[in-house]
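Trainee: So the chains spell out like this:
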Amino acid sequence: MIIDLKKFIATERPFWNELDRMLLLNERDPYRRLPFDEIKRLHYLYQRASSDLSKISTFSAERAINAYLESLVGRAYAMIHAGRQEAVRFSFWCWFWGTFPRTFRRRWRAFALSLAIMVAGSLFGGGAIVWDPHAKAVLMPFEHLQMDPADRVAMEESAERDRMRGAKSSFSAFLMTHNTRVSIFVLALGMTWGIGTVLLLYSNGVMLGAVAADYIRAGQGLFLTGWLLPHGAVEIPSILLAGQAGLLLAGAMIGRRSALPFGARLREVVPDVVTLISGVAVMLIWAGIVEAFFSQYHAPVLPYEVKIAFGVIELALLAAFLRLSGRSEVKPMSWRRIRGWITLGRLKH
Amino acid sequence: MNTHKRTILTPEGVTFALPLAGPVSRSLAWMIDAACILACFQVGRVLIGLLGIISHDISSAVSIFIFFVLRTGYAMALEWFWQGQTVGKRVLGLRVMDVNGLRLQPSQIVIRNLLRAVDSLPLFYLLGGAVCLISRQSQRLGDLAANTMVIKIGKAFEPDLDLILEKNRYNSLRAYPHLTARLRQQVSPEEAGVALQALMRRDEFQPEARVTLFDEIAGHFKSKVAFPQETLEGVSDEQYVRNVVDVLFKADV
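One line per chain: the protein sequences are A and B, in this order. Residues 1 to 349 (my numbering) are what the first sequence spells out, left to right. Residues 1 to 253 (my numbering) are what the second sequence spells out, left to right.
Just so you know, the hints here were simulated from the structure itself, not pulled from any lab data. Where is the CB? At the ideal position from N, CA and C, for every residue including glycine. You can trust all of the hints, since none of them are fake.
Derived list of chain B stretches under chain A, where covered just means 3 residues or more per stretch with a C-beta under 8 Å from a C-beta of chain A:
no. : stretch
1   : 50 to 59
2   : 104 to 114
3   : 145 to 151
Using the sequences and the accompanying hints, generate a full structural model.
Mentor: Pasting the structure below:
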């Protein structure tokens, strides 16, 4: 049996147009709440369009109408089966003070692994410099790090003019964006089953350990600490958190001790990965400001003790934030709840 | 290898298929988007340049920041507000969708765009394109992580049957309703679709190819139901196919 196409289209077209209009309305405003009657009507139209698609596929091979109905049914299916109970608008403060630290604590094992990899790299880098000082050229391939530490410190401390004058803001912006890009790269390499993430964390650790060993051997530990700690107290944990996110992705890729299929494993970790990297971006904004406006000034302009104290306080606050913040879960308030409270308040008065 | 379509079975038992976009159309869309980002940045730079009157340092900082935000956030923002489309994807009729046909979540949009950092390795999305080629659903690494896919949006149109089957034109086959009923019973929807498509696209064929094609289609239908000779006299193969399609798709005269 082949259906009478013209009659079929003439009869069903008004329903398709109505469904298309309803879908368009909701696609334009995903937070719109549908009245109950509209939900019932939407469901009826969806089922009718599904039935029409079934008929056209079975009783007519007309491709254009088939493609149109597939597109319409697909959009309606996405909307009806989205499975979201209540649309809640994003609240940055609830997310930063609640979701972000809770996600960090929930995924602490990946952070511990990230930390262990970087520490291993640092030990290797430091050990390499101690046993073979000529390794400096290989492990620290940056011109400003090739200088003798004592000469570097003398140069910085005797500087007569502010070499950052007129460039602090742009340097700060460069640091923020560069470090965020590196963090995103560390995260993204999690898709290489974590190999790239591990290599980047390890190599960062190697360079850190090599620099530390070089300066401490030269008796410039105080300068090094004062130079790195103010921004490093936030920047290094940021890289570790990016590594944490990358290792989460890697864990989902590998799927060890998980009965879930590949897609489900990734679906489970992706929200946490996005939360972590977003937190990293916020942290790196602060680190970029500190590095450009504070870290580059040395004694006698800015005493090392002040810089070290600043860095220690930062580290302590960060640790407290990640450890303690968000322990009593505060859900972001929905507009419906707020409106309900306002109405209740008005009724009381 | 990708199967070019993603088939989804709904709980209602209906199947719909979404045509997948390949790496070529996706890369063209991204080139358009890259041009848009550059254009926005150039416009922004002119406006930011005005800040240089206050401070060159601040102007430079804002410029660095804006470029980073544009490069990272352009696709994320547009895919969220335009339901999976960017400017390039709109131009080429593509859309990002959840692999199960559901609505995109913000975390999916963010992660698929963040992973461009790996997909663009070593140069010009070679890695992402290679993964897209071998993936069954034409997914790059970012799509794999986010459980998304990029589909082609079909343009929906109603076939103009009146154009193909001229109104009020005499159809000699309708003089034999019992034979037309048998024809309707024996012809499958696929065969009817082939005939309809051939008529809709007749102007695209070379004349010789058109004659050959309609000869074959007419011969096929004639082998199913034999109409009396007088209905076929003076009727070309193409006109015969037109009469058959009229009978099949327009039940009531």
